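Chemist: As a plain string of letters, each chain reads:
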Amino acid sequence: MASKHKYSDSRIAILAVIIEIRSINQRLSTWISQQWFSMFILFISLVITFSFTLTTLYLAKIKEEARFESSVSRTQRTIETRLDTYVTILKAEAGLFVASDEVTAREFYLYTKQLELEKPDTGIHAVGYISAVTPENQIQVQDKIRQVHPDFSFSDRPNNTPFTAVTYLEPNSLTHQQTIGTDMSQEPIYKEAMNQATKTGSPVLSGKIRFPLSENMHQTGFLLFIPIPSSQDLSAADTKPQDSEPLGYLFGVLVAENLFGEILQDFPHSDIDFWIYDGVVPSPENSLYTSNNSDISGYSKTLPHYSATSTITTAGRHLTVLYITNHNFNYSLERSTYPYYLVVGLVISFLVFALSRLHSKSVISSAKAHAELLSSQEALRRSSIQYKTLAENASDLVTVVDALGTILYASPSHEDLFGITPDELVGTSILPYIHPDDFEKLQEKLTSMAEGGHEQAIFRVQRQGDGAYTSLEGVGTGLIDEHGNVNGILIISRDITEREAIDRRKDEFISIASHELKTPVTSLKVYTQYLQQYFANKEDRVSVELLNKMDRQLLKLTRLIRDLLDVSRIESGKLDLNLTSFDVKTVISEVLETLALMQPKHQVHLEKITKTKITADRDRIAQVITNLVANAMKYSSEQQPIIISQKKTKNTITLCVQDFGTGIPRSKQKQIFERFFRVDGPKQETFAGFGLGLYIAREIIEKHHGKIWVKSQVGKGSTFCITIPLQTKNTLTST
Amino acid sequence: MNKRRIFIADDDDAILDALHLILSDRGYRVTCSTDGREIFKQLAHPPDIFLLDIWMSGVDGTDICLALKSDTETKNIPVILVSAHQDIAQIAEEAGADGYLVKPFEIRKLLELLEQFNQPILSVGSKK
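Protein chains in written order, with this note's numbering: chain A, 1 to 735; chain U, 736 to 863.
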């Protein structure tokens, strides 16, 4: 039991999960079907697209920055190394002077030669020695200079003030020779550097200078001053700054172009350009060197340029270096591909949007279709229940058969007639129940209905109990499915045995009534007419006139009886035509003759009435004409004429009866052909009736496949017309 | 001049009486019967014309007409069928009658019809 419980618990849990999933699914569908969902999708995909693009760009930037920084630091190192190298070289040469007080011109020359200053890529343009000249060593210095320039003299210098003098300068070019003996400290830039070098005891770079290379050429660069301490100073402390004036200064002329240009040779495809400025302010007047001869502003603006500024401090001088990426800079692949990412992302976003839009629409429409389907299924279910209930409770026989007459469905009412339950009937054929004379008719009808036709017929079927035949009136139709195929024949039939018996009794009654009513009228007429003859012979005019009136009343009575019987026949569909060939003109004459007996004062004119042979029911056509003319007489005064006219076409004849009497309102023109309808008028008393004349006339004319109509205007009169075929074919069967 | 003999069968006494009156007045020798079968008793001396109601008790006028028309002795004697029946024209034709009248009829029409059949009978008679 416990395990059973457990099982059902887990089942419940699974069911709960399934229900939950379904509900989520349903909610999801509801969301998806919302209009905003596709907008949401678009928003999300756009966000993803832009984020991805921006991330790509950001990554590219990071990579490029790293690359730039690497180039910057490499370049910076190179610059620093190069500067340090020259400082070291010059310091080494300074060592020459430190080691020996008396460095000869020759020794200076030889040492300097090792530096190969004449090579174009050497950053050091020249190396020189400046002696600090005091009154005491003035002669010595002069002698040193005279080793190379024998004519040199300090004669123009003041004797009692110390000064400096360029003592040696290599290479010994013509321009350089002019510099020999000059007091460098007269130049503020050099003086500042020399003072600082004296103060610190270390190599000091001067500020930016322009110096002549030749007569026409100037170069930008700076001088590196290395103080040469006196021997006493050296012995005191090697590294401490000296308080006393140094022995002199070794100086190197550094040409920025050569010094820094060599860096480019190390990196021929450097991806950055750099500008070196003297001091900490990167202004054009401070510019020392430009790796690329272009201006910063000339750079392309389509790609980002990374720039950085750094300060190099070497030999007591600050140099500012500005770095900017150049066309060699290797931008990240992402930078060139991100527009594609963006475009592709946008395209995908809008595609997804369109798809989700389509989907949401299809979800909506399918939901609608589903709802419609459900409602139509429900309607179908309801209607089938209704129909089934209808069939199950119908007193009529509801039968569904196939084209061969096999019963597919039989309503319960079959049991009353055949004594067999519907279940027993299903699967059997209806043919054994049908009267043999009706077989052929039934087969024809089944074939027609199996092709989708609609049929109506009366069949005799054999009752199961006494074996007697019962008449069934059935209507049937092919049952057409949604593919247009007939998948059964529905027949609804009714036992009309009783109705037939009633019809028979009614017919008998009509027959008897017509006989029994007409018989006394007949004898009355004969008596009347005998009396008329009798009194005419005796010339008793009063009696003759009275008998005439009596005869007219008898005629009226005869017509009333006939009308009633006709209505009865029409109602039971027994108004049959007795077709003969006759002349219309003769019939009209006869009708007028008879009517003249009743209404002798009315004037009837015939217009274009010619002898016309037609095939129709002579008596019935006469009856119609009688009714129309009698009506014309009834609704007009005796002074107003009545016109009967005729029109003939190839196949039809039209007769019109026109009066100039009261007329019929338009609203009542349709009703006048209905049973027991009468137009009220002042003359209604003159020809009383049941209001059946036009109804019977219409029925007779329609039986002849003709038509009857009226044109009328109140106060001006009416025109009744009938059109019938010249040859009426009797398509109606008599019973 | 021999009076023409007319045999009238109708189950309504009044009609027989009235017709007897009016036709006798017109010079006919009228024999009336409410029973159609009376005709066959009188065939030894057949009348010149029969006026038969269709619907009678006992025997139907149509049947009498058919019998008369199938007998060579009587087939040439004109038979006029009379009825209130609407379809009398058709019934008369089927029964082989020589004429018909719809009840109620005008005496004028009866006399015209009888007049119509007088001529050939007379000529036959003159041959005799």
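The set of hints was computed from the structure by calculation and includes no laboratory data.
Since we're looking at a predicted model, the values are computed, not measured.
From the three backbone atoms N, C-alpha and C, an ideal C-beta is built for every residue, glycine too.
There could be a bad hint or two in this list.
Listed below are several chain A residues computed to face chain U (Cβ distance under 10 Å; list not exhaustive) [said to hold, decoys possible]:
(1) Tyr-306
(2) Val-526
(3) Arg-562
(4) Leu-565
(5) Arg-618
Mimicking DSS-like on lysine-lysine, the simulated pairs with C-alpha atoms at most 30 Å apart in a straight line are [unchecked claim]:
(6) U:Lys-738 - A:Lys-601
(7) U:Lys-776 - A:Lys-538
(8) U:Lys-738 - A:Lys-608
(9) A:Lys-538 - A:Lys-506
(10) A:Lys-585 - U:Lys-844
(11) U:Lys-844 - A:Lys-538
(12) A:Lys-506 - A:Lys-648
Chemist: Next step is simple, just say for each hint if it's right about the structure.
Modeler: A quick look at each hint next to the structure:
Taking 10 Å as the C-beta contact cut-off toward chain U, the hint placing A:Tyr-306 at the interface is violated, the least distance being around 123 Å. Given hint, A:Val-526 at the interface with chain U, holds; its Cβ is 3 Å from that chain's nearest Cβ, closer than 10 Å. For A:Arg-562, the shortest C-beta to C-beta distance to chain U is roughly 8 Å, which falls under 10 Å, so the interface hint holds. Hint on A:Leu-565 holds. Least Cβ distance to chain U is approximately 7 Å, under the 10 Å limit.
Evaluation of the A:Arg-618 hint against chain U yields a held restraint, the C-beta minimum of about 8 Å falling below 10 Å. Taking the CA atoms of U:Lys-738 and A:Lys-601, the gap is about 40 Å. The hint is violated against a cut of 30 Å. With a CA separation close to 40 Å, the supplied pair U:Lys-776 and A:Lys-538 exceeds the 30 Å bound. Using a Cα cut-off of 30 Å, the hinted pair U:Lys-738 and A:Lys-608 is violated, with the two alpha carbons roughly 46 Å apart.
For the suggested pair A:Lys-538 and A:Lys-506, the alpha carbons sit about 47 Å apart, so the restraint of at most 30 Å is broken. For the hint pairing A:Lys-585 with U:Lys-844, the CA-to-CA distance comes to about 19 Å; that is within 30 Å, so the pair holds. Distance hint between U:Lys-844 and A:Lys-538 is fulfilled; the C-alpha atoms sit about 23 Å from each other, no more than 30 Å. A C-alpha spacing of about 40 Å is found between A:Lys-506 and A:Lys-648, which places the hinted pair above 30 Å, so the restraint is violated.
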